[in-house]
Every structure is written in structure tokens, then in C-alpha cells.
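K.L.:
Start from chain A and add chains B, C and D according to the hints.
Protein chains in written order, with the working numbering: chain A, 892 to 1279; chain B, 892 to 1279; chain C, 892 to 1279; chain D, 892 to 1279.
Misleading hints may appear alongside valid ones.
Identical chains share a label here; the pair holds if one copy fits it or two copies do between them.
As the list claims (entries may be wrong) - Straight-line alpha carbon distances no greater than 27 Å define the calculated DSS-like cross-link-like pairs of lysine-lysine that follow:
1) Lys1007 / Lys1099
2) Lys1127 / Lys1099
3) Lys967 / Lys899
4) Lys1127 / Lys922
5) Lys1095 / Lys1127
6) Lys922 / Lys1007
No lab work stands behind these hints: they were computed from the structure.
There are 4 protein chains.
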Amino acid sequence: MTEFSAVKESLAHQAIELPSWAFGNSGTRFKVFGQPGVPRTPEEKIADAAQVHRYTGIAPTVALHIPWDAVDDYAKLAEYAAEQGVRVGAINSNVFQDDDYRLGSVTNPDPAVRRKALDHLLACVDVMDATGSRDLKLWFSDGTNYPGQDDIRARQDRLAEALEAVYARLGDDQRFLLEYKLFEPAFYTTDLPDWGTAYAHCLKLGDKAQVVVDTGHHAPGTNIEFIVAFLLRENKLGGFDFNSRFYADDDLMVGSADPFQLFRIMYEVVRGGGYDPAAGVAFMLDQCHNIEPKIPGQIRSVLNVQEATAKALLVDADALASAQAAGDVLGANAALMDAYNTDVRPMLAELRAEQGLDPDPMAAFARSGYTERVAAERVGGRQAGWGA
Amino acid sequence: MTEFSAVKESLAHQAIELPSWAFGNSGTRFKVFGQPGVPRTPEEKIADAAQVHRYTGIAPTVALHIPWDAVDDYAKLAEYAAEQGVRVGAINSNVFQDDDYRLGSVTNPDPAVRRKALDHLLACVDVMDATGSRDLKLWFSDGTNYPGQDDIRARQDRLAEALEAVYARLGDDQRFLLEYKLFEPAFYTTDLPDWGTAYAHCLKLGDKAQVVVDTGHHAPGTNIEFIVAFLLRENKLGGFDFNSRFYADDDLMVGSADPFQLFRIMYEVVRGGGYDPAAGVAFMLDQCHNIEPKIPGQIRSVLNVQEATAKALLVDADALASAQAAGDVLGANAALMDAYNTDVRPMLAELRAEQGLDPDPMAAFARSGYTERVAAERVGGRQAGWGA
Amino acid sequence: MTEFSAVKESLAHQAIELPSWAFGNSGTRFKVFGQPGVPRTPEEKIADAAQVHRYTGIAPTVALHIPWDAVDDYAKLAEYAAEQGVRVGAINSNVFQDDDYRLGSVTNPDPAVRRKALDHLLACVDVMDATGSRDLKLWFSDGTNYPGQDDIRARQDRLAEALEAVYARLGDDQRFLLEYKLFEPAFYTTDLPDWGTAYAHCLKLGDKAQVVVDTGHHAPGTNIEFIVAFLLRENKLGGFDFNSRFYADDDLMVGSADPFQLFRIMYEVVRGGGYDPAAGVAFMLDQCHNIEPKIPGQIRSVLNVQEATAKALLVDADALASAQAAGDVLGANAALMDAYNTDVRPMLAELRAEQGLDPDPMAAFARSGYTERVAAERVGGRQAGWGA
Amino acid sequence: MTEFSAVKESLAHQAIELPSWAFGNSGTRFKVFGQPGVPRTPEEKIADAAQVHRYTGIAPTVALHIPWDAVDDYAKLAEYAAEQGVRVGAINSNVFQDDDYRLGSVTNPDPAVRRKALDHLLACVDVMDATGSRDLKLWFSDGTNYPGQDDIRARQDRLAEALEAVYARLGDDQRFLLEYKLFEPAFYTTDLPDWGTAYAHCLKLGDKAQVVVDTGHHAPGTNIEFIVAFLLRENKLGGFDFNSRFYADDDLMVGSADPFQLFRIMYEVVRGGGYDPAAGVAFMLDQCHNIEPKIPGQIRSVLNVQEATAKALLVDADALASAQAAGDVLGANAALMDAYNTDVRPMLAELRAEQGLDPDPMAAFARSGYTERVAAERVGGRQAGWGA
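Bound conformation, chain A alone (with noise of 0.2 Å):
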């Protein structure tokens, strides 16, 4: 195995972007649990957010939902997240809560709806222009619910129309990065259910174009860090939505359903090139914390996904390459597994005492008060949550 000391520097530049809905409330069609101190406004959002950050040192950008943190000056908003320690991230569109989206937005059959859709998704990169993000966020709820409802391909070709003014919106800095997802809230066709959907997309739009990976959108079965790996080899990896399922996309913490599956795809992004920050992935978490407290739901997220890469860094890579190309499936397996095994948590206690933070992020965090605090000071007001 890879001695620790080799993969220090490599985890000492983690970047963990955070979701500033998942300081939200949040839940199922059921019932959405309320809990106390949830924050009211982006300011609020972003301040939890860098509450992650300082002690975990690796979470230092916030991205932001449009309209959910819609604010009149993104400038200042910029600023705001600066003096917190932290920045924007990418900037993801909205275009699945308007009562004008009940049968989709850029693929409606109505092509009123989908100019007002692609309006919001133009006007988010104007809100990139004011922060200075780099991605844009796709995802669409689009599809149908019943066979015969609208033509599955008449909405490819409108899907394409909108994704190709997007593109030609986008700065030279700029991309976008487009999820593709299996169902929910789309009972019957979704209309990027796939990676291979949204590759394609991509491939026809240019380098501008990328996909990325949500962790809980796939069927079951499905192998993702095959897609991982494939995506990498094609330079049309754009990033990761990271959460945890295990049934559909319930939107768990990160590696608290399969953390074996977390290592896999972190080992298939290290040994693709993709941890190499030139090549641009963004590594986002994409969660719910339905009946967990947040900051701290967000602490042990981001906790799960440096200890998956510390393992995957330190597979020895020619041990596992050796025993591969002789054909020995127990040895490769075994040199997998030997990093798996290992317990990194000292050595990140460790590391993050030398970066003058505390060796347990979880513990100093609820030391810290912040929580009793904000619930104190939050009082009144609306409490942030998906519908607003």
C-alpha cells in the first residue's frame, strides 16, 4: 500500500463543494420535518455552510439554487460568502416549480413554457457572470407519466434546442454541467434518464458540455463507477452529485449506504485523472438531511467522502496493476481491498492537526454552540426549504 505521507499533499487540496439547500428543510411527499435554527435567507444558508468549511478545511464553495437563493445583488452576495471563508460554486437552475411546469419545462409541448424555461436558464448564467461561477447546473425534471402522453422523441429534439442556446450563452470560462437522472418525478419517461443521454447531448455541443454523475440516479445494478471510468476516458466528466441510496434517489449522506461503492468510484476517479484538479470535476454533494440535523448531516458527508479518497489513494497502484496484467483476480482484488480495509481516520486526525484544525470536525462542531446559537437567533421569519 501507498504510504500516507505520499497522499497527504493530494488530500490536503480537497475541495468538497457543498449544496446550500441541504441547510434547508427538507423531506419526502409525506411530510417535510421543520427543525430549529434552519436558515431564512442565502446569507444564512452560506454562513452554515462555512461552518463546514472551517472545520473540515476541504468544503470551501457553496453552490446556490436559483431561484431558491435568488437575491437582487449577486455581487454582494459574493462578497458576503468571501467574509464567511468561503465562495460560490456552480449555480443550479430551477425549472421543475412552476405551475407552468406540470408537463415539463424546455421539453413541454407548449413552446411558451419552454421559452419561459430556457429565460431561466439564460438568467442563471447571468447570475454566474455576477458571482464568477464556473458551472452551470442542469437538471430537468422533464418527462411523462403514462405512455402516449407526449412523443419521446419530439422531446429529445426540443431538449436539444435549449440545451443548444445555452451552450451559446456560456463565457469562455463557463460550462455546464448536465444531469441526467432515471425517474422521480417523472413516472414513465424521463427525458435525460441516462448517462448515455446525456453524453450524447454533450458530445454534439462540445467541450463547454459535461455530464455529471448524481450518485443516487441510476437503476439497480447499476455499476457507476463503470460510468465513472468511461466518462474520464471520453473527457466528459464534469463532476459528482455525491449522496447515498438504497432504493431509489433518497438522497442519503454520502457513503453511509455503500461505502465500499464511495471507494470504488473515488479509486476510478484517481486512477482516471479526474482528482487532478486541471481536470476541472467538480465533487458536489447533492443531499437531504430529512431527519438529521444539518450542519453536522453535512460535516460526517463530507468526513465519508475524504476518508473514501484517502483510501483510494492509497491503493498501490503497481501491486494492483501487476497482479491484473498476471491475470490473478485474488491478488488484485486483494490489493483493492487492502487499502479498503485500512482505517484512515488516524491519519486524517493527523492531517488535519497539522492544518491547524481540529482533529474531529464532528466533536469541535458541537462544542462549538453554533447550533444552540442560531437556534436562538433564527426565530420568526420563513425557514428555507424547496419551495422557496
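P.N.:
Positioned in the frame of chain A, the structure of chains B, C and D alone reads:
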């Protein structure tokens, strides 16, 4: 194939129960799209349900959901239903929408929450006493999201305790129907995840505890008709919550995703004696019309069940049995498929005509002007939905 | 709905290709059950396939599998087929049954094994030259069973190299159809696990590389008709391997597990222009008749595809399009379902009568005495199966 | 976390049963790859199994499969095992490989076939009498491939009848373990598809009928540890057939696909009292080493179970219980994960050293030269496999 005339009588006495909540707004965690004319009160829901019965002739009862349909005077509500030409059916309990239920209801680690949940269930039996309902439907969203979150076995103990208390409260002509569900809203464990768990609990309690099969609550690949056949053999099939799914608990219109599966289920019902009214199997819909209009959505669903039932009744039992006994794989399959491939719509139109109904319920309802009338009348107030 | 007379001509020219191996013995890893009268030679397989065409009129070609159908003189085999009234169709390569392929064929870490596998693929093109076949079907069982066993990306490089070499060898009127499969026999990674991977490779190679959709090769919940529509839009749908599944790659008779899905697939084929012979889409069966008799199993399958096609052609495209454009969810769904619910069997019987065929192919074949004759004649020798 | 010293004793008495058939050749329907040195006789399989025990110290018994391990003198075979340092464990019945079983064994529509199958099961109890085995493992491949093929309910009646007859034959210290499986080799219905069906049959029969959980036999998404916890609560968990899967019944090495799941299962075993030898839970492997060498594959698997068990025993039960009682979602999850994230390999090496074993069983076996010796010695004869 059996002659249609021979099955006509069976079809004439079919009874499908409608869920009051299908007439209110519903959606996903991403968005609930409101629709014009949606009911604002339990009475308006019942009035809408009565329309479905008026045009199909086989939807004589309406299930209530407490507290969504809570009223001061249930006897009066029952009278109102009678005036509309329908009756109150099963009472559906709801122990998932109070903030207290964040970590469960009857399986919550906190005894006070368990007590509160149990009290609600007992109060539902009071409603049954007032409405004359036979069935209490018990669905628990209880479960956990993370490994270790709570003790799986202790939660079973708590569940058993609550079920015993409810069972003890049931009157002589009352029973409860215990529902199971693979996942959602809980994403790691669900305390009643499968038919086996529901069956085991019901078996210990006695004849007044029966299992209800929601057709959308299974793992991918589950053979639902096998479960139906098995529960009928054990005298433990209390009823159905019908709906369709392509992926998870999509709650689409029954028969819209896999009409052949619905036929196979109805065939096992018929073959196992479950279609005989004396068997006490409740045929209920439980659906969400997220994007389609609700009353027509319910009519369509009732017709889908009726068509599947007609086909199931048409199966030539003798031809089937003799091919099965002979080990004639293709012959036995053909005997079943012959009925499935039959177009039963003309026969059912004829049946309706004989009963004084319009042969085409969808068209007749559309022509009636009801949709336009309620859209105009039901202005102001708050539309019914899952939250109220 | 479209008039039947209008679709009759389309139905008359339908062509479904039969797999020679469907007439041999097959089974699971647990047991292969032999059947009396099973062919022992490629010629006997072709003779059996010709029976299917004789009674259905729409199964004019037989796919060969090399080396299972290896003969010394392929031109002579093609002549034999012509005498039986059928033609040789696609050539199916087999690089999974030699001991050398334990760790893969064209993606094996050992270059010597890769070379051997490639040589076989090139030899299959030689067979095509001799038989006049247009299509080479490429299925690779290549993959790994354990994480770390081999390098995912390196295997893609090796795959690409092999595909390029085969592509370069194709004649002007030849093409290859690249098959993908989620899993089996590899249980961790498969080198061509989904349509996206096959598509990406084909796209780089050119027009003579097309994707083939085996209806049993997807993850649970995958919307196959979406893939069909997408590939047709991209001019990359080369053909189908039809069969049915409830669970994995069950290889049951097409249309037996989910006839509605088959209809939806055929509808997208028709809608996307794929039913036009000029589109070059190959409609092939790929099935295992493990427990049912093989020739009747193939006849039943051909009829199932024919019935689904008839229904797809009956869809009233104008009614559907106008309901879709109007956002009429139930109306659009009804337009599709109206065709599906139609019993097309009488119409197809009529079509057969007009073509001089028996209206009931299953009964006619049963009456013919062929089964009894070959059971008596084919004594001695070794029955064909997957191993030979 | 619990101190390692406290769990050492528990680990020392662990006992994992090996399947004789894991040492023979296996594969998929596509190909069985033979390996040099594979046993040709039951004795050679036992000798190989004894190697696994020799290096791990916790694999003292070997399960037999009848007729694959049929011998004239079972008492003598038991003696041979004792000489090798192991004992004969469970007897596995096989009613799926005779031609008669094409349409089922104990559920076959033909009473003569049912009788034959039952006779085999009873003969297996004779073998138990001779070997002193406690457990009869019953797995039935029975089911159907096509809707309508046979009567689901009648097959349950036949199954119940056979189970009763076997149960009646059991001696005082004997029991049977009833296995369930979602699918394969049957592809439409399986007569024992899930734990609920097996449980219901066992419950009626009595204490000597117990359910066995094969970890590869569930629908996607099934929470296996829930089933384990439930069956333990009901005193109906007879044992495990351990293996791993990514997709279906892949039969990979246990712990190789989802080591976290294996840990969760072992945690529920420990928590529910199933690790106490008095509970009578049999911990058996049931795997196929299709491409990797068999003895090392078994050693690796035994070690994987041992590591998961060590982690499960290390869980701090008090910390976990108090976090659960407090509704501390993240704290409770962390208590579990703390144990899982521990690297137990050094502790287990220490334990082995104390027991006089080599700390590294894989390396020690590799060094032993056994593999080379048997490859040289076992020449001629027919290698064992599923067919013999």
C-alpha cells in the same frame, strides 16, 4: 374461453372503493401542481367520488383519511354520502404528518410519541363506529434512514404492542388491514417492509387482522400475484390498494403501467375465491393524479380494473387446468393469454347499457359539464391535499 | 384508430429473424433439459426454422452462431437454406466458450488471447462473405467478477482496438451490430454494460457500426422504448434481439412477460421510422426454450411480435399527436391504449388466409406431424446445444 | 467501542461451514471453466475443505450435496473427514438435475415425479443418520416460466405435503433448513420465492423447520439484515448461505460485493442472540469460484466473515443504545460506523498467532505447495462439478 354471458352477473356486482384523497391535490417532493375545481372539504371529495360511481356503476364506496377528512359529525358525513349515492368505506389512519413522528409513530423510541400515535389509531375506530365502516387501514411510514439509527428488533416489539392494542379495540364486525411497503419515506429500514412481516403480525392477532396488498409497494421483480395467491390460501388477504408503478411507489393509475400484471393479479383473485363477496376482499384504489384530472383519472382506473376482471373471469378454467395437468407449457399459457388478448370493451359497454349506464363512462362524464361547474363554483377556500 | 386495411400491407412485409440456437437445447447453470427431436446439425436447425416461416410467413431468415453452426462449406449451407425456403441471416460470433476466455476475450489482459478472439471475429466476416450475410452480431461476455480484478479503462482501450480492427474488415454491404448487456456471465463489471457504451463506440467507428437492443439486457426499471426512440433519432439502431424477462436475462418468449412493453417498443419503432425496411433495423429473436418445445415456442414468439406490431400500426397517429399537443394526458394515453386493447387476432387470421397460410399457425403446425416425425428420425448423434 | 480483548473469546469459537461443491468446478450457463487440481471425489473435496480449516481455524465442517457427494458408505466418509480434521455438516438435497424435474420436483403436476423427489429427500435423512448431520438443507428450484403454466396455489399444496412428510421423518436431533430464492432457474414464479413463504411453511410444521437465508436470493433493494433480525425474533432463523452479489444470484465470495452489508447482517446476528452457539444458527458458505482458485477463494471468504464478525462484536452496545434512545440519528449511526471503520486485521492476526495459526492464512496456504501438489496428483478421472 368462458362465455361472456356467464360472467356478466359476476361483473355486475363488482365493487371498487375510491380514496377520498385521490380527488385532492398530490405530487412529489419536487412540486404539487394544483388543479382547478379540486375539493376543499370532505363533502366535496365525496361528491366527486359519487360522480365516478354514477358513470361506472361499480364504485359505491369512498375511503376516508383521518385527519384529512376529519369532521365533527361523522354520522352526518355518512348521511351526506348516502345522499350522493355512495357509502363511506375504509377508514385510513395517518400517523406520519405530525412533527412528533420524525423518528416514527408506533415504533418511535419515545414512549410518549408511541402513545400519541396509538391514541390516533384508536380514535379512528371511533370514527368507524360512527360511519359503520368495516375496515381500518393501517399504514405506517415508520422506519429509519441510517444503519444503527434505531434497533430493528425493538421496533418490532413496539409495533406488535400497538397492533395488539388496536386489535383489542375492534368491534365484532370490524377488522384492520395491515399495509406493508418496501421503502419511502424511510430509506434504510421500514418496520413493515414486506408481506411476510405483515402476515406474521396478523397471524398472531387473529382473524380480524388481515394483510392489504398495495400494488406499488414491492421490490423490483416481485411477483405480486404469487403473494395474492398465497395470502388467499392462508385466508389473510384483506384487500388491495390498487395503483401502477414503473419504478417505485409511483401511484399512477392502476393498469396503466402493466395491464398484464393487473390481469394476472385478478386471475389469482378469481381462482383463489377472492372475488366472491363472502371472501371479504376489499378492492380499493390508492393513487395520485399528479398531472391528470382527478375524476376522469379515477374513472379510467375503475374501468381498467373492470376490464382486467372481465378478462380474468373469461379464462376457461377447464382448458387451463387440463393443460396444466398435462404439463403442456404452451397450451396452459395460451389458455390464459386467450382471455387476456380478448377485447372486452364491447362486452362491458353492453353490460353498462343493460344497467342503464352510458356505455362510455369517460365520454359521458366529459359531456356532463361537472368539471366546468365545480371549477367555477369551488373558488376560495383551501384545496384539499396531503397536508390537510 | 387506423383502419386495419391500411396497415395490412405493412404487416405483410414484416420479417423476423430466427436464431438457429433456439432450436437446440438450452437451460440454466442448474440443468439443461434435453427434448426429443432436437436438431443435431446446422442443417436440422435450419429445417426447423423453415417450419416457423412456413406457418407464419414472416420469418424468412435464420441467424447462425459460430462455431455452433460451423460447417465446411457455408455456400452450401446457404443453398440448403434456400431449398428449405429461408435465407441465412446475421452471423453471431462466440468468444466466450474457450478456456482461454476465462478472463475475457477482446478485453483480456493477455494480448495472445485478445489476438485469438479478434481472429475469430474476423473469421466470422469470412463466413458472412460466404453466406452473403449483411450483419455481424457482436456480443462480448467480457467483464470482471471482483473489484480490482482488472482495469476498467484499459479494457475499454482494448475493446476499442478490437472493434476498429473488425470494422476495418467489413465489406461495403456489411455492418456489425454491437450488443450490450448489464451482467452475466460477468458479475462486477461488464465491458459493454449499457446502450451508452455501445453507442459511444459505434459513433466513433461510423455508419457500419450499429447498436443492437436485446430486450432482456437492462437494469430493472429501464425504459427500453426510450432507448429505441433515442437510437432511431441518432440513426444508430441496428436491430433487436427479442425475448422476455421478469428478472434478469431470462430469455423467455418475447411478449410473454410484458406484452404491453413489447407494444410500446414496436410503437416507437413505427413512430421513429424503424419499421421502414429502408431503415435497416433487424428484428431478431434471441430466446431459450428451456422447458417448452422449441418450434412451437418460436411460432408463438413470432406471432407475439406480429400482434404487437399490428397494434402499433393501428395507433391513430393524428389523434395521438393532437392530444399530445393539447397537453391532454388522459386523451393521449387513451389514443395509445385504444390500439393496444384491440384484439388483432381475427385481423391477422384474415391476413394469413389472404396469403394462403393457415389462419392458426400453432394449430396447423401441431397437426402437421413434424414434431413426431423428427422425434422418430433424429435418433443418435449429439443434440445441438450451447456447448456445440 | 468494545475492547478487542473482550470479543476475542467469541471470535475463537466461531464456526463457518464450507460447501463441498465450492471446491468443484462451477460457472454460468455460458461456460464452466475447469481448473487444474479440482477434486474428483467427495474425499478430495473434503481434503480441500480441510485446508481451509487448517489455515483459518474456524471452518470445522463441510456440507455435502447429494447426489454430488453420494458414496456407498457415509460412515466411512465421516471417518475420512475426521482424519482430515473436519466434520460432515449439513446435507444438501438436490431435486433439480434429473430430467424428470423439468416442470418441478415436489410441486410437479405429476404425482409420480413428486413421489420420486420426496423419496430423494427422505433418503437424504438416511444420509444424515449415517453421518450424524443435524441439518437437512432444502432448496427447490421449483417454479414456472410462463403465466398460466401451472396453478400457483396447487403447487403450494403439493409443497406443504412434501414438507410435512420430510418433517415427520426427522429424528429428535435433526431439523431442516428451508431455503427461499427470488428466481432462477424458474423465471416467472418460484414456489418458495421469499422469506415469508418459507417462514409460513416452517411455522406450521414446528421447531424442527427453520428458515435459511441465502444472501444472494433476494430482490434488488431488499434489506437482508431486517429479515435476519425478524427471523431471530421469531426463533425461525436456522442459518445462512453466505455469498455476494451485485445483480442476481451471482454467488461471488461473501463480503466481496458489499462488505458493509455483511457487517450489518452480522451485527443483527449478534444483537439478536444468533451468534450464541445455543441459538443453533448455521453459518454456511454457498459460493461459486468460477474464475478464481477455489481453496484460496474459500479462505478469503472465511476471513471476510470473520472480519465482519469481529467488527460486529466490537460495536459499543451501550453507546449505540443510548444514542438510539435519545433519538440521536447521527450519534447512533456513528456508534455503528466506528466499529465498521476499524481495521480488525491486526487483531485477528494476533488471535491466530495465539491459536498457533499463521497470522496470514492466504499467504500461508500459498506457501504450503498444496495447490501445486494436487494439480500434479489429480490427473485423470472426472473433475467434480454441478453435473456430478
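K.L.:
Taking each numbered hint in turn, which are not upheld by the structure, reported in ascending numerical order?
P.N.:
Failing hints, ascending: 3 and 4.
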